[in-house]
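Chemist: These are the residues of each chain, in order.
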Amino acid sequence: MPANTPRGYTYPLYTDPAPADFPAAMADFATDVDTDVAALVARQTAALNRPSARVSETANQAIAANTNTFATFSVEEYDNAAMANLGVNNDRLTFTQTGVYLVTAEINFSSNGNATVNGRSLLFVANLFGNLGHDTRRGAQNMDTEMTSTVLYQVNTVGDFIRVQVRQESGAALNISARSFSATKVAD
Amino acid sequence: MPLTTPNRLYPYPIPADPTDIPGDMQRLAEAIDADVCALQNGLTGRPVARFRGTTPYTSESTARANVNAPAAPYDDRIPFDTTDFNTANVVLTSTDFGQRLIFPDDPGFYFALVTVNVPVFTTAGATVNYMAVQIRRGDFTNPTSLATAPRLGGSSHNVPVDSFDRNVRVLSLAVGCFMNGTTDAFSVEFRADTSPNTAGYVIGDRSITILKMTTS
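Residue numbers (the working numbering), protein chains in the order written: chain A, 1 to 188; chain B, 1 to 216.
Hints listed in this document are in silico derivations from the structure and should not be mistaken for laboratory results.
Cβ coordinates follow ideal geometry from the N, Cα and C atoms, glycine included.
There's no promise every hint is true.
Claimed, not checked - Taking beta-carbon pairs under 7 angstroms as the criterion, some of the chain A residues facing chain B (in silico):
1. F22
2. V33
3. D34
4. A38
5. R50
6. R138
7. E146
8. T150
9. A178
10. S182
11. T184
Okay, chain B solo, but in the shape it has when bound (with noise of 0.2 angstroms):
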């Protein structure tokens, strides 16, 4: 009766076993050889995704009260059209006005960077007078939920973009966090205050770069 070994459970024979040479070591070959290919086929980098919005996309109306933590803040999400790559199981779910958000289908500790080009606001007569990226904890099971969508981390500026930012500022934001691959969810929202009370800021380019740092 063969034995094990203790960690990878290749089989081995004991003086008492019939001799069979070549089937004793076709065995043992056999189990490594299938150990080995499972190894080999875990080692497959660190699973990263990265997104892309590529359309201007206009910012809800800055007449809002509390502007860097509205009531709804799911009414900011900015949405995301294209896919650069996805090795981490992330699902970018519909740019649907109350959706866009960014789910990562497994549990793990995941560091996520933010960027979002801004440009000049073009808008007469008005001044800017804040513009903020923040990512948010969304519910992937419930988008439009105005319960705990914690704050994850945020990024303002008060000062207008201007041509001493070559016309085009972009904020930046990353976080590290841990996401439970079941509800939790990227919420990418960008908001802005200006005087007087205006329609929104279009904003430009924007990418949520996901690198996923455990399993668990």
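Only chain A is shown next, with the shape it has when bound in the complex (with noise of 0.2 angstroms):
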């Protein structure tokens, strides 16, 4: 009866019959091995391609005045884990594993020339609760306000999405015009 080591490959014991059934033994412990390695061969090919993706617009949105809204993308520029669905959610990633992710989000503001200029903020928002992260800055009458942040977020089940919610205060409509959002996985 052979015995098995804690990684699990089986050897011969003494009391087993030999030497005839060596090849057997030996085809045993063979694939056992290959077995073993293949999967840490997996594993870090799997360590060296983290889940990611990577979504932008150029097209403006506008933002009206006081809302919070929830920006839009339709470019995938990278996506090797299907996080990105655009056509029917364009305004989210959804992460396909469990782990921690690097996200980070960047909007760009047109100005709308109004003397009232106000504040401009970017939260990450995720399906479970608000606020992950965020950046606020006073806008400009007449400049562009080009924003950015970045979290790191635990993901515990897999369907949980999340959010780049923009907000401005200048008084009236503005746009956003390019702006990208992108995740990848950090550790599981």
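Both chains are given apart, each in its own frame, so use the hints to dock them into the complex.
Modeler: Right under this line is the structure:
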């Protein structure tokens, strides 16, 4: 009756029939090591190819004053884990694996010339709760305002998603123009 | 005629082979040994790189139109001169004007973090209206191309740096993006606008840290 090492490699005991079954015992051992090493190679490959996605947009999106609005995206630049499905939901990245993700977004607010400038904000909102991380700053009457924020977000449930919420308080609608949103897994 | 395992091709005998236990064991052991060595050599950690610019750098004149989207954005590339570490096969190009690209030589999805130290503007009588750092995707093989240099991200401020910033504001910006390993290069750009126009804005230390997240 063969035994196994802690990693599952099978080896014969002295009480086993020998040497007639040596080829079978060796095939068993070689196959066990083969399976184990193949799994290690697969893990190594996965570690070097983390789930990652980037979506972007250059078309204007009007943002009404004093109104929380989710930024939308139409260009899927990269996605090796089916996190973006812009045809169904164009405002989010949906996580298809649990783990810790590095999430970053940047938004370009155009100016609207309003003398009332006030603030601009960018906020990450998850499906479960909001304000994962944000950036706020004063806008400008005649200059664009570019904003960025980065967070580490722990995904505990496959299907969780995250969106980018923007807000401006210039007293009138203004556009966000170039913008992007990306996520990459950094830990299991 | 020995067979091999399905994945890693380790050899093992079949009953019809001549009995050669030491030889069969040696061939299997050596095959496993070589394979595990190769596996171990691949366990190098995540490829990363960081470059810094350590000497003051004066940005372009603030007289240009469309300061946040200039006609020749490569004018605004800031130079980096120091390599802190580089396990990601990233090429730091010349600090010459019109070059200043940071080229990942391997394709993959990269995460890049840029910081720029912006001190107080010291030109008397001038007010700073705007300052921004942007990351664009330049063309390593055609660095001064005016064709598509897509903006990957930006961060701006419209308030001058002052003592409330402890006299230095750190503009920071992070992006995640795919770089193709053949032409795509990071271009880090700083630009400012003042009233009246001035010769440029002197910035301090800056850095770009790059993590490679995928192999294709």
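Chemist: Take the hints in turn and mark each one as holding or not.
Modeler: Structure-based check of each hint:
no.	hint	verdict
1	F22	holds, 6 angstroms
2	V33	holds, 6 angstroms
3	D34	holds, 4 angstroms
4	A38	holds, 4 angstroms
5	R50	holds, 5 angstroms
6	R138	holds, 6 angstroms
7	E146	holds, 4 angstroms
8	T150	holds, 4 angstroms
9	A178	holds, 5 angstroms
10	S182	holds, 3 angstroms
11	T184	holds, 5 angstroms
Violated hints: none; the structure is consistent with every hint.
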